[in-house]
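**Student:** Sequence:
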Amino acid sequence: MEDEVKLYAVAGSPFVCRVEIALNLKGIEYQIVEEDLKNKSSDLLNFNPVRKEVPVLLHNGNPISESLVIVEYIDHVWKGFPILPHDPYEKSVVRFWAKFIDSTCIPALFKVFGSNGAEQAIAEAFEQLQILEDELAAKGTKFFGGDDINLIDVAANFIAYWLGMLEEGTEIKFVTKDKFPKIMEWAGNFVKVEVVKKVLPPRIIPPKAQLLAVFKKRFGNS
Numbered sequence: 001m002e003d004e005v006k007l008y009a010v011a012g013s014p015f016v017c018r019v020e021i022a023l024n025l026k027g028i029e030y031q032i033v034e035e036d037l038k039n040k041s042s043d044l045l046n047f048n049p050v051r052k053e054v055p056v057l058l059h060n061g062n063p064i065s066e067s068l069v070i071v072e073y074i075d076h077v078w079k080g081f082p083i084l085p086h087d088p089y090e091k092s093v094v095r096f097w098a099k100f101i102d103s104t105c106i107p108a109l110f111k112v113f114g115s116n117g118a119e120q121a122i123a124e125a126f127e128q129l130q131i132l133e134d135e136l137a138a139k140g141t142k143f144f145g146g147d148d149i150n151l152i153d154v155a156a157n158f159i160a161y162w163l164g165m166l167e168e169g170t171e172i173k174f175v176t177k178d179k180f181p182k183i184m185e186w187a188g189n190f191v192k193v194e195v196v197k198k199v200l201p202p203r204i205i206p207p208k209a210q211l212l213a214v215f216k217k218r219f220g221n222s
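FYI, the numbering for the sequence shown is 1 to 222, going by full-length UniProt numbering.
Some hints could be false.
[Said to hold, decoys possible] Between beta-carbon pairs, the in silico distance windows are:
1) 139 <-> 45: 15 to 21 angstroms
2) 38 <-> 104: 18 to 24 angstroms
3) 28 <-> 135: 15 to 21 angstroms
4) 118 <-> 88: 40 to 46 angstroms
5) 171 <-> 202: 16 to 22 angstroms
6) 4 <-> 178: 24 to 30 angstroms
[Unchecked claim] Straight-line Cα separation of at most 27 angstroms, BS3-like style, residue types lysine-lysine; simulated pairs:
7) 139 <-> 99
8) 139 <-> 52
9) 38 <-> 26
10) 139 <-> 38
11) 197 <-> 173
12) 79 <-> 40
13) 26 <-> 142
14) 99 <-> 111
15) 139 <-> 26
16) 79 <-> 142
17) 182 <-> 192
18) 111 <-> 177
19) 6 <-> 111
20) 192 <-> 99
21) 177 <-> 192
22) 173 <-> 142
23) 79 <-> 111
24) 26 <-> 91
25) 179 <-> 139
26) 99 <-> 182
27) 177 <-> 99
28) 192 <-> 179
29) 142 <-> 198
30) 91 <-> 79
31) 26 <-> 111
32) 182 <-> 79
33) 91 <-> 40
34) 177 <-> 26
35) 99 <-> 26
36) 79 <-> 6
37) 173 <-> 26
38) 6 <-> 139
39) 197 <-> 177
40) 173 <-> 91
To be clear, the hints were calculated from the coordinates, so they are not data collected in a lab.
Even glycine gets a Cβ: it sits at the ideal position worked out from N, Cα and C.
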């Protein structure tokens, strides 16, 4: 009997794309269930009663929520391409960086747009990005995962793709190749990975208000 895999999602979400990248890395067939976040389905509210948001993965009737939790679940359940290392120490390091990106870097970046490019917000974002820049420089590899992407790269997909759209849509450009050459090189390589290209939405720049509304829902005013 084949696994039944459904992904409750909204189009254009970097957090949903994390899960899709993981599913594609493993070669898993899945069904997308599109959600309207203004009129959430009873299934979504039932499967994720705490957050009430996407993504939610439904595997054989069992719901898993939170994008990075889902990615780890996928890596544990299905064999094939390793998204996390097998070694316990190396796995803990990867988890640390993924959490750093999710809880520190991305909120700092969005604060720049939420503050309309305030100098202090940009300085704080630069501080966090410099940490990633230094990590890439120290590794000297194509991706955070080495020659292939891993959980850190998947977690940072917002930086690789959506950040540029926000910069264009808001006309607040602050992440440049001169300032962060390693991050920009990594981003260019990441979006060219086949399983990543398959799930990235078209590069259409929505109006500023629409862009900010999408990410404000996720990060509030932080």
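**Student:** Hints numbered earlier in the text: which of these fail when held up against the supplied structure?
**Tutor:** Structure breaks hints 1, 2, 3, 6, 8, 9, 10, 12, 19, 23, 31, 32, 33, 34, 37, 38, 40.
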